[in-house]
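Start from the sequences and build out the full structure, keeping to the hints where you can.
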Amino acid sequence: MSEFSARGQRLLDGRHALPLPRPTRIIVGFLLAGLIGLTAYFLPLFQSASTPIVTSGGELINPVSGPTDPFTVLLLGSDDDSKFAGDQFNTQSMILVRVDPISKQATMMSIPRDLWTPIEGQRYMGKISTAYQAGGVQATIATVEQNFHVRIDDYIWIGLAGLIKVIDSLGGVNLVVTNPVMDDFYPADINTSSPYGYYRVALLPGPVHLDGVHALQYVRSRHGDLRGDFARSERQQQLLLAMKAQSKHINLADFPDIAGALNGEVKTSISLERARQLYSVLDKFDSDHIKRILLGPPYTSEGWAGDQSVVYPNWGQILPLVSQYFPQ
Amino acid sequence: MKAVTYAVLLLAMVGFAFGVYRIAGMLKSDGSHVQKPTSTYAQALPGKMFVAQGGAIYRFQNGTFTQLTEDAGWTQPSSSPDGTQLVAVQRHLNYSDVYLLTASGRVVQQLTHLQSSSVEGNHWAFLPRFSADGTRIFFAYDDKAPGTYEVDLTILSVPAGGSGRDLVWTVPNQYTGGDTDPVPLRDGGLVYTKYSIDDQSAVHSQVWLTTRPGAPGTPLTKPEEDCAQPALSPDGTSIAMVCRHGQLQSTELVLATFDAVNGTIGPEAVLIQGQLSASPTFSPDGQTIAFLAPVQQGGTFQLWSVPADTSPSPSAARPITQNVGLDSTAAPVWDKR
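Sequence order for the protein chains is A and B.
In terms of our numbering, the first sequence opens at residue 332 and continues consecutively.
In terms of our numbering, the second sequence opens at residue 100 and continues consecutively.
Worth flagging that the hints you see were computed from the coordinates, not collected in a lab.
Ideal Cβ positions, reconstructed from N, Cα and C, are used throughout, including at glycine.
One thing to keep in mind: the hints can contain errors.
Unchecked claim - Each pair of labels, with its calculated beta carbon distance range:
{"id": "1", "chain 1": "A", "residue 1": "Ser632", "chain 2": "B", "residue 2": "Val207", "range": "54 to 64 Å"}
{"id": "2", "chain 1": "A", "residue 1": "Lys615", "chain 2": "B", "residue 2": "Val207", "range": "52 to 62 Å"}
{"id": "3", "chain 1": "A", "residue 1": "Leu351", "chain 2": "B", "residue 2": "Gly114", "range": "18 to 28 Å"}
Next comes the structure, spelled out in structure tokens:
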């Protein structure tokens with residue numbers, strides 16, 4: 332056997348592959364090092380993808396068949412400080428959002444937390460905010476679906492610290508504070524072992540850049556405003572618009588921070604892939620094409636149920652509105 | 100020799116991996132990245148200016164910033180008519196106080212004492228301004244109704260260091276947050292912002308004029324314009340303000356003529372549209388308006404200037420700073436000296 336044919340045979344055997352030339356090995360080494368650097372940077376993103384935040388319980392949520400189909404998401408916000416045990420929260424904020432990718436129209440409708448309704452799985456009437464405490468997210472979704480005659484495709488739940496982290500990971504938000512937000516009894520219940528304390532909040536009016544803590548104060552304060560919880564609902568919708576505007580400026584390099592902020596702080600039925608689709612849809616939306624609905628009078632009226640201050644629904648007014656903006 | 104070469108190569112690769120990690124981090128959107136003003140340079144403006152950032156007051160002169168106070172809750176500076184003193188707010192968790200300072204930032208006198216041992220016993224004081232003759236300080240103060248949730252700001256004036264009575268100038272609409280932005284006039288009147296909530300639960304802000312303490316006052320702008328943060332030109336004949344027209348994410352910077360005697364403003368000219376303009380102030384010669392707005396959408400607030408020109412094709416506004424993240428509720432103070 333000649334020398335060349337013997338070498339060829341070794342190559343064919345694969346037992347003694349030729350070593351790469353030294354410069355190539357060095358280049359490959361640097362490429363691997365770069366890959367390690369990138370992997371380390373995006374590690375929070377990989378961790379969040381490998382730890383699903385889907386907690387819907389599977390068949391509960393209605394599947395959306397295609398990326399161009401309209402869909403409805405229920406946004407839930409809770410006080411989740413140490414006053415509450417486990418997952419026994421009230422949903423202080425409930426916002427139905429319908430997105431139509433084709434017409435590029437969206438509608439946000441805030442549901443008053445004190446709305447007096449039948450609660451799914453319970454034999455009594457109660458404030459709609461207690462549905463989560465009674466039966467978790469499933470009971471909350473069922474309560475909203477049955478009372479409002481609406482189909483919910485997905486949900487997102489976020490707690491206090493989660494909202495702060497998300498907004499901070501976006502780099503804060505810009506919005507116009509419409510009037511002085513003054514509250515002498517703002518709960519001091521974050522990062523504390525005594526969650527029943529309070530402190531004073533004063534957010535001065537005008538255009539501002541808010542970090543997570545101050546944005547939370549903006550959407551959570553209610554004591555000093557004539558409109559009470561309705562003012563808070565309006566500010567929550569405003570914050571969502573501001574977050575949407577802010578998300579236009581994030582890029583791939585921001586994702587690890589955001590994934591790190593979301594990890595463990597948000598519950599949702601939306602997978603990361605679905606979230607990516609949603610982001611691309613919402614990115615094309617102009618905020619002027621987002622209709623905002625608050626269920627104040629004549630849709631609701633304030634009153635008392637026993638010793639509880641509640642909001643009574645006027646279903647004769649609410650259901651036609653829901654049918655118009657949240658068609659099934 | 101070979102081992103040394105391998106070690107050097109390995110170190111270089113580790114360094115490369117670290118560099119890639121750092122570079123990836125540098126690619127993050129930096130719209131809200133903020134630098135301390137003293138570590139930046141900016142285009143010089145005539146005269147000097149006082150601004151607030153991160154709990155400190157800075158002087159901006161000849162293109163550089165000088166920190167005048169510690170980072171300790173200081174904000175909303177305003178200068179005396181002769182330019183020798185400042186009045187400013189020091190904000191704490193549950194209260195704030197108004198202080199008299201020298202133009203170089205040294206505390207001369209604490210004008211209010213609003214701290215209390217009980218949380219709800221504390222008070223706020225914001226947005227102080229000298230009267231035109233320098234003898235009184237106007238500011239927004241939360242004159243609360245005990246035992247209620249009502250915390251509405253009212254405009255108060257106190258003597259600037261001397262003795263005399265405190266005067267309550269305005270009566271806020273209840274549970275609206277109250278009245279803000281006092282701008283004392285040369286003839287003794289006051290321009291300010293009043294907030295209201297209409298029958299449809301919509302919040303409105305209007306610029307109001309009142310002639311004396313406790314007088315009912317008259318609106319200068321319409322509710323639907325949602326105007327606030329008024330600033331008067333040095334000669335008192337022009338007014339600049341921001342109006343949001345029901346918008347929640349943008350404002351207009353508006354300039355109009357102002358007649359203090361008849362309590363009217365002339366036709367409004369929009370100088371800046373579609374931005375988040377805030378807290379305008381006039382230059383000492385009245386020819387330019389400084390204001391605060393993000394340079395890029397979603398960014399922090401920077402110092403801008405625009406000619407106070409209502410001609411059909413006015414000069415464009417230009418940003419003076421890029422990444423200092425100024426306190427947008429503290430209007431820049433512009434002195435000629």
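Just tell me: holds or violated, for the beta carbon distance of Ser632(A) and Val207(B) against 54 to 64 Å? Once the Cβ atoms are compared, 55 Å apart, the range 54 to 64 Å for Val207(B) and Ser632(A) holds.
Quick one: are Leu351(A) and Gly114(B) within 18 to 28 Å, going by C-beta? Hint holds: Cβ distance 22 Å, inside 18 to 28 Å.
Does the beta carbon distance between Lys615(A) and Val207(B) stay inside 52 to 62 Å, or does it fall outside? holds (56 Å)
Taken one by one, the earlier hints all hold for this structure without exception.
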